[in-house]
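Counting from 1, position 710 in the sequence shown corresponds to residue 710 in full-length UniProt numbering; the numbering is continuous, with no gaps.
Source of the hints: derived by calculation from the structure; they are not laboratory data. Check before you lean on any hint, since a few could be wrong.
[To be verified] Here are the computed lysine-lysine pairs in the DSSO-like style, where the Cα-Cα straight-line distance is at most 30 angstroms: (1) K650 with K833; (2) K624 with K783; (3) K405 with K527; (4) K395 with K596; (5) K395 with K838; (6) K408 with K596.
[As the list claims (entries may be wrong)] Here are the in silico distance ranges between beta carbons for each label pair: (7) S363 with N424: 24 to 30 angstroms; (8) R690 with G355: 39 to 45 angstroms; (9) E628 with G573: 28 to 34 angstroms; (10) N374 with P610: 47 to 53 angstroms; (11) S469 with N424: 20 to 26 angstroms; (12) I818 with T793: 26 to 32 angstroms; (13) N374 with E720: 47 to 53 angstroms; (14) Y341 with E628: 51 to 57 angstroms; (15) P654 with V845: 15 to 21 angstroms; (16) V842 with P672: 55 to 61 angstroms; (17) P473 with N374: 16 to 22 angstroms; (18) D132 with Q790: 17 to 23 angstroms; (19) T648 with P473: 56 to 62 angstroms.
The structure presented is a predicted model; accordingly, all values stated were derived computationally and were not measured. All residues carry an ideal CB built from backbone N, CA and C; glycine is no exception.
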Amino acid sequence: MKISPPVLCAVSLFLGSASAIPADPNDQPQKRASAYFSPPYYPTPKGGWVPEWRASYAKAQALVSQMTLAERVNLTTGTGLFMGRCVGNTGSVPRFGIPSLCLEDSPLGVAHADNITAFPAGITVGATWDKDLMYIRGVALGAEARGKGVNVQLGPSIGPIGRNPWAGRNWESFGADPYLQGIGGYQTVKGMQSNGVIATAKHLIGNEQEQHRLDSRLQPAISSDIDDRTLHELYLWPFAEAVRAGVGSVMIAYNELNDSSCSQNSKLINGILKDELGFQGFVMTDWLAQGDGAIPFIGNSYWAYDLSISILNGSVPLDRLNDMATRIVATWYQFGQDANYPPPNFSSNTRDRTGPLYPAALSLQSGVVNEYVNVQADHYKIVREIGRDAITMLKNDNNALPLSKNAKIRVFGSDAGSNPKGPNSCENRACNIGVLGMGWGSGSVDYPYLIAPIDAIKAIASDVIASLSDTFPRSQTATNDEIALVFLSADSGENQNTVEDNPGDRLSLATWHNGDALVQAAAKTYKNVVVIIHTVGPVTMDAWINLPSVKSVLIAHLPGQEAGNSLTDILFGAYSPSGHLPYTIPKSEAEISVFKPVGAGFNIGQIESPFSEGLYIDYRYYEKMGIEPRFPFGHGLSYTTFAFGNATIKRTAPLTEVPPPPPPKGPTPTYPTNIPPPSEVAWPTKGFNRVWRLIYPYVDNPQNIRVGRYPYPDGYSTVEKPLPLSGGAQGGNPSLWAELFQVSVQITNTGSVPGKVVAQLYLQFPPSIPYDTPRIQLRGFTKTLLSPGQTTTVTLSLTRKDLSVWDVVRQNWVIPGIGGAQGYTVWVGESSKDLRVKCDTVSLVC
Numbered sequence: 001m002k003i004s005p006p007v008l009c010a011v012s013l014f015l016g017s018a019s020a021i022p023a024d025p026n027d028q029p030q031k032r033a034s035a036y037f038s039p040p041y042y043p044t045p046k047g048g049w050v051p052e053w054r055a056s057y058a059k060a061q062a063l064v065s066q067m068t069l070a071e072r073v074n075l076t077t078g079t080g081l082f083m084g085r086c087v088g089n090t091g092s093v094p095r096f097g098i099p100s101l102c103l104e105d106s107p108l109g110v111a112h113a114d115n116i117t118a119f120p121a122g123i124t125v126g127a128t129w130d131k132d133l134m135y136i137r138g139v140a141l142g143a144e145a146r147g148k149g150v151n152v153q154l155g156p157s158i159g160p161i162g163r164n165p166w167a168g169r170n171w172e173s174f175g176a177d178p179y180l181q182g183i184g185g186y187q188t189v190k191g192m193q194s195n196g197v198i199a200t201a202k203h204l205i206g207n208e209q210e211q212h213r214l215d216s217r218l219q220p221a222i223s224s225d226i227d228d229r230t231l232h233e234l235y236l237w238p239f240a241e242a243v244r245a246g247v248g249s250v251m252i253a254y255n256e257l258n259d260s261s262c263s264q265n266s267k268l269i270n271g272i273l274k275d276e277l278g279f280q281g282f283v284m285t286d287w288l289a290q291g292d293g294a295i296p297f298i299g300n301s302y303w304a305y306d307l308s309i310s311i312l313n314g315s316v317p318l319d320r321l322n323d324m325a326t327r328i329v330a331t332w333y334q335f336g337q338d339a340n341y342p343p344p345n346f347s348s349n350t351r352d353r354t355g356p357l358y359p360a361a362l363s364l365q366s367g368v369v370n371e372y373v374n375v376q377a378d379h380y381k382i383v384r385e386i387g388r389d390a391i392t393m394l395k396n397d398n399n400a401l402p403l404s405k406n407a408k409i410r411v412f413g414s415d416a417g418s419n420p421k422g423p424n425s426c427e428n429r430a431c432n433i434g435v436l437g438m439g440w441g442s443g444s445v446d447y448p449y450l451i452a453p454i455d456a457i458k459a460i461a462s463d464v465i466a467s468l469s470d471t472f473p474r475s476q477t478a479t480n481d482e483i484a485l486v487f488l489s490a491d492s493g494e495n496q497n498t499v500e501d502n503p504g505d506r507l508s509l510a511t512w513h514n515g516d517a518l519v520q521a522a523a524k525t526y527k528n529v530v531v532i533i534h535t536v537g538p539v540t541m542d543a544w545i546n547l548p549s550v551k552s553v554l555i556a557h558l559p560g561q562e563a564g565n566s567l568t569d570i571l572f573g574a575y576s577p578s579g580h581l582p583y584t585i586p587k588s589e590a591e592i593s594v595f596k597p598v599g600a601g602f603n604i605g606q607i608e609s610p611f612s613e614g615l616y617i618d619y620r621y622y623e624k625m626g627i628e629p630r631f632p633f634g635h636g637l638s639y640t641t642f643a644f645g646n647a648t649i650k651r652t653a654p655l656t657e658v659p660p661p662p663p664p665k666g667p668t669p670t671y672p673t674n675i676p677p678p679s680e681v682a683w684p685t686k687g688f689n690r691v692w693r694l695i696y697p698y699v700d701n702p703q704n705i706r707v708g709r710y711p712y713p714d715g716y717s718t719v720e721k722p723l724p725l726s727g728g729a730q731g732g733n734p735s736l737w738a739e740l741f742q743v744s745v746q747i748t749n750t751g752s753v754p755g756k757v758v759a760q761l762y763l764q765f766p767p768s769i770p771y772d773t774p775r776i777q778l779r780g781f782t783k784t785l786l787s788p789g790q791t792t793t794v795t796l797s798l799t800r801k802d803l804s805v806w807d808v809v810r811q812n813w814v815i816p817g818i819g820g821a822q823g824y825t826v827w828v829g830e831s832s833k834d835l836r837v838k839c840d841t842v843s844l845v846c
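Construct the complete structure from the given sequences, taking the supplied hints into account.
Right, here's the structure in full:
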């Protein structure tokens, strides 16, 4: 998201019909010959056919059937830029008790609000590889959002996935693998919505760089050109998991998909999201992403009153509007927001107690806008635990860590300290001063406080001297027993801000502020150097990683408000590090230059970004190209060691090539389709005080509107398509999640301290199948705490979907090689390059 919306165009789900303006050419079949294609898919599937949502849709139908045209239109429309307390505010229906819904950033907390928690970023949560922590964080996020009166929290982020290591917003998501990303999204949605908050899975889809993501008059938004199989197996996988979790809202990305704007791509939204994945909630665009636009600051919109006109003149079927409104009301009911749900008690526009009720209106209407409700509870404990369990130890020669409290510690680097102007001094965290706890942009929140590493270190150790500069002191000398802690950082964010010349996307994978030089200088002076890096993603470190003095390296990711405390928990050995990389770290940028952002700088005209590597991103790419990374996906060391053995594999259900046919769709709400009388959208005449710039559904002289003939998109149809074979429930065909195999492995803590082990399962497809597949693909993981000498057995399941590929001809998930002599190879270990257990699905031998 960028800024507060004039309208929530796709909250209205206005994608299956023509509008009051000519059909958008972006929603036509492609004119160029290409493997990347977005065919038309009409009509828009109605919501309400999934059993889990049936009761909510019945309630919604009863309410919507009584609404006037103005009330239905108002539900689907935002009130305008800065025309409410939240970053997004929808129209209300007071007659039926439906309030203006509050939509608020961000994926790591309640943005632009006081008395909230600054949680660790998504990439940090992914680095824990801990499903329980993913869920617990989601519960806490939802509790705080509800406590602030947020109806719709704009998270989690599960796109971008990290195809492009330079991409500015990778840190908001969980990691560069669809399975890891999917688990993070699923658990977060479940946790958030357990509090009645509507979660938003974003950004659908292919939003893999910041530069040129936005449409303008000179240049369309960048087109992410993705083939059908890659879309399903890689980029769509996490969204299927979010829908399977019952997510109430999905946000559409700014960019185009295969030359068709994501916000108007009928195949993406109608065919894939609503039909194939069975999504029952409502869709919204990213802010100002709708292709038909708006003029927010003068109160104009192609929605609201223009949607009213479009219904009256027959260019938009009433049937379409009814489903739009019903989806919103049903979602409101689905999460119990009709009963005792608090209204917003904060303002995203000001921290003053009182202020304008409609800031953009420049009116004198004011009142209490901030009630300073504290929703933090004891969530700092969760922040500290996640930050601690995410810290990833890449190297630890000679057991340099943990440190003794009596060690002579010398600290270098600005990342160890605080921003002297305060952690919130830069808007949307768009600066990198002091310790880096989150990236910048709409995915950030205000810190209630931020514990700097130097303060946490000094609270534990007695002999600490710090130089919080990024330039090594010239006169520095050292004794052999002194230990240097060198702090580095690498930042990125949303491209509404440019920070130190980085336009959202990073210009380089090097650490910021000449971090390489700082480490090199410290390594010349000290015999024992520990490098700590707070980073949004992979960083290059070849300039110093093999220097003899560099004994240990920790990736501390983006830990949120408890940064220093999480770090010292590991540095001084109160806990053993248990984080694992949620991405691969390269030796050099040249190895992965194929993934760099395209179209850097000023451009005119359409920019294409062909995802020609297909399924081969991150570790899959390294494996295919035979490139040895600096540190592999899934890598992470501990203060203890673990042994894997006594593995078994068993088949738990018969194998069939394709899943059984899905269950048929249930019924959906129906309404009269006659065009309502124009009087239903006439301006009220009694007791109505119109607010300047507020967007309304009312129309001047509606009695003068006449039904006409209007162009519809190519391929438009009113005949409902049959349910796809891959559909049938939320997330897809329900049999896709049927367990087919169980793999069990004994793990023993062979060291002298307690530690958490992450068992990672990777699947290797049979070599004889007629599909090109990556050598290994993550298909399971679990995290377990073991005491010294303790042995446990972990069991990991493989589902039908885990074993399947997407067949573009059959348009279905297929298990290849059924009945062949060669089966799947199942690997289990501690990283993608540390695979210690091997099992076969045909012989059932490990």
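Verification of the hints:
In summary, the hint linking K650 to K833 is supported, as the alpha carbons are separated by about 25 angstroms, within the 30 angstroms threshold. A C-alpha spacing of about 28 angstroms is found between K624 and K783, which places the hinted pair at or below 30 angstroms, so the restraint holds. Restraint check for K405 and K527: satisfied, since their Cα atoms lie roughly 19 angstroms apart, inside the 30 angstroms limit. Using a Cα cut-off of 30 angstroms, the hinted pair K395 and K596 holds, with the two alpha carbons roughly 28 angstroms apart.
Proximity of K395 to K838 is assessed by CA-CA distance (about 26 angstroms); at most 30 angstroms being required, the pair is judged to hold. Taking the CA atoms of K408 and K596, the gap is near 42 angstroms; set against the 30 angstroms cutoff, the hint is violated. At roughly 29 angstroms, the beta carbons of S363 and N424 sit within the given window of 24 to 30 angstroms. Taken as a hint, the range 39 to 45 angstroms is violated for the pair R690 and G355, whose Cβ atoms sit roughly 21 angstroms apart.
Distance hint check: the CB atoms of E628 and G573 are about 31 angstroms apart, consistent with the given range 28 to 34 angstroms. Our hint of 47 to 53 angstroms for N374 and P610 holds, since their Cβ atoms are close to 49 angstroms apart. Judged by the Cβ atoms, the range 20 to 26 angstroms given for S469 and N424 holds: they are separated by roughly 23 angstroms. About 29 angstroms separates the C-beta atoms of I818 and T793, a value consistent with the hinted range of 26 to 32 angstroms.
Between N374 and E720, the C-beta spacing of about 49 angstroms keeps the proposed range 47 to 53 angstroms intact. Between Y341 and E628 the beta carbon distance is about 54 angstroms. The supplied range of 51 to 57 angstroms therefore holds. Against the hinted window of 15 to 21 angstroms, the Cβ-Cβ separation of P654 and V845 comes to about 19 angstroms, which satisfies the hint. Against the hinted window of 55 to 61 angstroms, the Cβ-Cβ separation of V842 and P672 comes to about 59 angstroms, which satisfies the hint.
As the Cβ distance of P473 to N374 is approximately 42 angstroms, the hint placing it in 16 to 22 angstroms is violated. A hinted range of 17 to 23 angstroms holds for the C-beta pair D132 and Q790, which are about 19 angstroms apart. Taken as a hint, the range 56 to 62 angstroms holds for the pair T648 and P473, whose Cβ atoms sit roughly 58 angstroms apart.
Checked against the numbered hints given earlier, this structure breaks hints 6, 8 and 17; the rest are met.
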